[in-house]
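Chains A and B, in that order, are what the protein sequence lines are. Take the first sequence: its letter number 333 is residue 337 in this note's numbering, and every next letter is one higher. Take the second sequence: its letter number 198 is residue 264 in this note's numbering, and every next letter is one higher.
By construction, these hints were calculated from the structure, which means they are not laboratory data. Please note: incorrect hints may appear among the correct ones.
As the list claims (entries may be wrong) - To be clear about the criterion: a stretch of chain A counts as covered by chain B if any three or more of its residues have a C-beta under 8 Å from a C-beta of chain B, and this derived list gives those stretches:
(1) 113-125
(2) 176-186
(3) 235-245
(4) 356-365
As the list claims (entries may be wrong) - With a cut-off of at most 20 Å between alpha-carbon atoms, the simulated DMTMM-like pairs for lysine to aspartate or glutamate come out as follows:
(5) B:287 <-> B:243
(6) B:356 <-> A:314
(7) A:283 <-> B:143
(8) B:198 <-> B:376
(9) A:354 <-> B:275
(10) B:375 <-> A:310
(11) A:312 <-> B:275
(12) A:283 <-> B:243
(13) A:157 <-> A:191
(14) A:312 <-> A:295
(15) B:90 <-> B:452
(16) B:356 <-> A:310
(17) B:287 <-> B:275
(18) B:70 <-> B:164
(19) A:283 <-> B:337
(20) B:356 <-> A:191
(21) B:198 <-> A:286
(22) A:76 <-> B:237
(23) A:326 <-> B:376
(24) B:375 <-> A:295
(25) A:240 <-> A:139
(26) B:356 <-> B:337
(27) A:76 <-> B:421
(28) A:270 <-> B:452
(29) A:312 <-> B:243
(30) A:326 <-> A:346
(31) B:299 <-> B:237
(32) A:157 <-> A:196
(33) A:6 <-> A:23
(34) B:287 <-> B:307
(35) A:270 <-> B:143
(36) B:91 <-> B:387
(37) B:356 <-> A:23
(38) A:270 <-> B:237
(39) B:375 <-> A:191
(40) B:90 <-> B:376
The structure presented is a predicted model; accordingly, all values stated were derived computationally and were not measured. Positions of the beta carbon are idealized from the N, C-alpha and C atoms, including for glycine.
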Amino acid sequence: MKDVMGVVYTTKNDFSLRELTASRAVSALPAISRYRMIDFTLSSMVNSGIRNVGVIMQTNYHSLMDHLGSGKEWDLHTRNDGLFILPPFTTKENTGNYNGTLDALHSNLSYLRRSRQEYVLIIGNYSVFNTTFNDLFRDHINSGADVSLMYTKDNSDGRIGRSVLTEHSYLQLDGDGFVTDIETGSETPAYENFSMNVVLMKRQLLIHLVDQAAAHSMHDLHRDLLSPFIHQGLLKVRGFEFTGYHRRIETVESYYQFNMEMLNPKTRAEFFRNPIYTKVRDEVPAKYGVDAVAVNSLVADGCIIEGKVENSILFRGVRVRKGAVVRNSIIMQNSDVQENVEVENVILDKSVTIRAGRLIGQKKYPILIGKGVTL
Amino acid sequence: MQKKRCIAMLLAGGQGSRLGLLTKKVAKPAIPFGGKYRIIDFPLSNCANSGIDVVGVLTQYQPLELNRYIGSGQPWDLDLTNGGVFVLPPYMTGKSGEWYRGTANAIYQNTPFIEQYDPEYVLILSGDHIYKMDYNKMLTAHIETKADCTIAVRPVPWEVAPSFGIMNTDEEGRITEFEEKPANPKSNLASMGVYIFNWKLLRAYMEADDANPESHNDFGKNIIPAMLGDGRKLMAYSFEDYWKDVGTIHSLWESNMDLLTTPPAFNLYDEAWRIYARNPIMPPHFVAEKAVLSNSMITEGCEVYGTVKESVLFAGVRIEEGALVEESVIMPNTVIRSGAVISRAIVGENTEIGEGCRVGGTGESEIALVASNVTLAANSVVAPGEQSDGRKEEDSK
Numbered sequence: 005m006k007d008v009m010g011v012v013y014t015t016k017n018d019f020s021l022r023e024l025t026a027s028r029a030v031s032a033l034p035a036i037s038r039y040r041m042i043d044f045t046l047s048s049m050v051n052s053g054i055r056n057v058g059v060i061m062q063t064n065y066h067s068l069m070d071h072l073g074s075g076k077e078w079d080l081h082t083r084n085d086g087l088f089i090l091p092p093f094t095t096k097e098n099t100g101n102y103n104g105t106l107d108a109l110h111s112n113l114s115y116l117r118r119s120r121q122e123y124v125l126i127i128g129n130y131s132v133f134n135t136t137f138n139d140l141f142r143d144h145i146n147s148g149a150d151v152s153l154m155y156t157k158d159n160s161d162g163r164i165g166r167s168v169l170t171e172h173s174y175l176q177l178d179g180d181g182f183v184t185d186i187e188t189g190s191e192t193p194a195y196e197n198f199s200m201n202v203v204l205m206k207r208q209l210l211i212h213l214v215d216q217a218a219a220h221s222m223h224d225l226h227r228d229l230l231s232p233f234i235h236q237g238l239l240k241v242r243g244f245e246f247t248g249y250h251r252r253i254e255t256v257e258s259y260y261q262f263n264m265e266m267l268n269p270k271t272r273a274e275f276f277r278n279p280i281y282t283k284v285r286d287e288v289p290a291k292y293g294v295d296a297v298a299v300n301s302l303v304a305d306g307c308i309i310e311g312k313v314e315n316s317i318l319f320r321g322v323r324v325r326k327g328a329v330v331r332n333s334i335i336m337q338n339s340d341v342q343e344n345v346e347v348e349n350v351i352l353d354k355s356v357t358i359r360a361g362r363l364i365g366q367k368k369y370p371i372l373i374g375k376g377v378t379l
Numbered sequence: 067m068q069k070k071r072c073i074a075m076l077l078a079g080g081q082g083s084r085l086g087l088l089t090k091k092v093a094k095p096a097i098p099f100g101g102k103y104r105i106i107d108f109p110l111s112n113c114a115n116s117g118i119d120v121v122g123v124l125t126q127y128q129p130l131e132l133n134r135y136i137g138s139g140q141p142w143d144l145d146l147t148n149g150g151v152f153v154l155p156p157y158m159t160g161k162s163g164e165w166y167r168g169t170a171n172a173i174y175q176n177t178p179f180i181e182q183y184d185p186e187y188v189l190i191l192s193g194d195h196i197y198k199m200d201y202n203k204m205l206t207a208h209i210e211t212k213a214d215c216t217i218a219v220r221p222v223p224w225e226v227a228p229s230f231g232i233m234n235t236d237e238e239g240r241i242t243e244f245e246e247k248p249a250n251p252k253s254n255l256a257s258m259g260v261y262i263f264n265w266k267l268l269r270a271y272m273e274a275d276d277a278n279p280e281s282h283n284d285f286g287k288n289i290i291p292a293m294l295g296d297g298r299k300l301m302a303y304s305f306e307d308y309w310k311d312v313g314t315i316h317s318l319w320e321s322n323m324d325l326l327t328t329p330p331a332f333n334l335y336d337e338a339w340r341i342y343a344r345n346p347i348m349p350p351h352f353v354a355e356k357a358v359l360s361n362s363m364i365t366e367g368c369e370v371y372g373t374v375k376e377s378v379l380f381a382g383v384r385i386e387e388g389a390l391v392e393e394s395v396i397m398p399n400t401v402i403r404s405g406a407v408i409s410r411a412i413v414g415e416n417t418e419i420g421e422g423c424r425v426g427g428t429g430e431s432e433i434a435l436v437a438s439n440v441t442l443a444a445n446s447v448v449a450p451g452e453q454s455d456g457r458k459e460e461d462s463k
């Protein structure tokens, strides 16, 4: 897929993720002990052979910039193409937030024009999956579609409810897999084909559409652009089903659930079938003390565990000291659970220190302690 | 080429034959150490942390793994425009050309490489030791004492002194005598194999040494005694921290175990002196429901379903349920099947230990070794002190 360029659209802050996204984009959200959300998207692109990736940033993009650096961990630090970080161009009118994908793409038209690949793959980084796009690309070429959308059968079971993050789109397909209708932002969607915000088309077509959209002040790619064009018969839009592991990360609960699901060896094996690249931190291997107890947990390098860890996700450099108990919890980078502290059903953001006592949350509603807090 | 005050030359061509089956296919500096490192990460990280940004790595024996590992030098920040890490194998010139004949000859053959940087000083290192050292401090001492050569030394227990190159010094630290493996040592200051030479002087001595067909072309045997004989100023630079020659199965095992003591005899958790390595692309490690872990180091990609005590596991190791690993070192991507017991042993890379195998012994038994890239059939036994490549048993029957 050398002739495909990638564009990752990172989201703005989302209040339903509470403090988790207070100071970082959703794409920069830490996940599974050593990754950030964008790693899954970028790795999927790189594993598909995409060599030119632009990452559209919005406000609070500092931690994302820091994470991506030159792109070397994804082999995107090349002379030709490689990683392009596209921060917002702030002016009096523009505060650093985009009104949707189309707006963001319009602001980066020059990057799209400058690139040389024939096709462009645009991904809105709101959900978790790890795949390659080679089958999508093949299907796109073979079907003669103008635009292809990757979708998955909805797995939300109504648990997620109304999203405040973004308006979801659902696809109606005909027997040949072409999209006949798109429903966006409905609370009770009529179709089960959830659009994953993975969009493939020719680069020149995208440039044309984005230009058109700006001229008619359209913001949402699905609702404002694709849907009317389908109904007018102007675009052949195809749906391509993704059947692998896919989760929407839109609430603290769904974030917590997704991390915990990775404790299942089958789920994990499927998810990590293609390698996932991330920023290297040169940590020492994790060290378990003489009295350490650890079961059913994922642990990153740099952790020092002297207490008890159960059903938990530990990020790099976490300390669980003597007599401490960590149960059903997510403990992010450099957090410190000190002697005899007990935590259960909690999410500790980066560099949190719990000095004494017990902190017991609910499985359905884990306690979330913000970055850098000492309790 | 930009001039450099000091460049490093790292001797990485030795076989390390005392490591037996472990170094059959890889050079000693490429041997895994400490869960995610290789021996060569220590001198390379020391260079990076000391601000030495030109490192020539002299390879000769089984260099494939080492070449691949060093690559562009990016993990050690040695992928530079002005400087960097360079792998220097022996080469042909016209119709002649030869292997590196000795440590000094290896450096001598690379004179053109060194001269590109027009250095005042050359730091000679080896890829055989585990230690953290600020070479810049040693260089400062070398300059301050106006020495012709400075040799890093470390006190060793008197009983093992006869197995080292021993420096006898006066009260100012000036080396008066050098004895290679003396039966009756007069001092317990062992050479660490870390030398700083004034380049122009070293070049002159190497030229003279090369002209002598009787010479072993070795720093310890020829160059240093020649300099001492001429009354040159050779200074000992005393280093008191952790330093270990991991040249034998036992010392390699022991040095890994030194990471597990409380506090660790060798501390890798030093933020100010990180050891860099090429990181594998693997998920975090997983400890399963029935896993038992005690006093061990475990890294990315490991899956532990069994019991691991007093051990060091490398990336991608899998310990199945019912397997027991004690006081052992398990190298990358090795699988220990259910019911196997590994005790006081080193198991190489990409190896499979079959169900119910018994490797090594208990108490103070000698360290057992299973080679890399082998499959040990179910219920095989590898006795303490034995080395196995998986075929041994059938052969002996």
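Okay, the hints, checked on the actual structure:
no., hint, result
1, 113-125, "violated (count 0)"
2, 176-186, "violated (count 0)"
3, 235-245, "violated (count 0)"
4, 356-365, "violated (count 0)"
5, B:287 <-> B:243, "holds, 12 Å"
6, B:356 <-> A:314, "holds, 11 Å"
7, A:283 <-> B:143, "holds, 15 Å"
8, B:198 <-> B:376, "violated, 23 Å"
9, A:354 <-> B:275, "violated, 59 Å"
10, B:375 <-> A:310, "holds, 14 Å"
11, A:312 <-> B:275, "violated, 62 Å"
12, A:283 <-> B:243, "violated, 50 Å"
13, A:157 <-> A:191, "holds, 16 Å"
14, A:312 <-> A:295, "holds, 8 Å"
15, B:90 <-> B:452, "holds, 16 Å"
16, B:356 <-> A:310, "holds, 18 Å"
17, B:287 <-> B:275, "holds, 11 Å"
18, B:70 <-> B:164, "violated, 28 Å"
19, A:283 <-> B:337, "holds, 18 Å"
20, B:356 <-> A:191, "violated, 44 Å"
21, B:198 <-> A:286, "holds, 16 Å"
22, A:76 <-> B:237, "violated, 51 Å"
23, A:326 <-> B:376, "holds, 18 Å"
24, B:375 <-> A:295, "holds, 11 Å"
25, A:240 <-> A:139, "holds, 18 Å"
26, B:356 <-> B:337, "violated, 34 Å"
27, A:76 <-> B:421, "violated, 41 Å"
28, A:270 <-> B:452, "violated, 38 Å"
29, A:312 <-> B:243, "violated, 56 Å"
30, A:326 <-> A:346, "holds, 11 Å"
31, B:299 <-> B:237, "holds, 14 Å"
32, A:157 <-> A:196, "holds, 6 Å"
33, A:6 <-> A:23, "violated, 39 Å"
34, B:287 <-> B:307, "violated, 26 Å"
35, A:270 <-> B:143, "violated, 37 Å"
36, B:91 <-> B:387, "violated, 31 Å"
37, B:356 <-> A:23, "violated, 35 Å"
38, A:270 <-> B:237, "violated, 66 Å"
39, B:375 <-> A:191, "violated, 54 Å"
40, B:90 <-> B:376, "violated, 27 Å"
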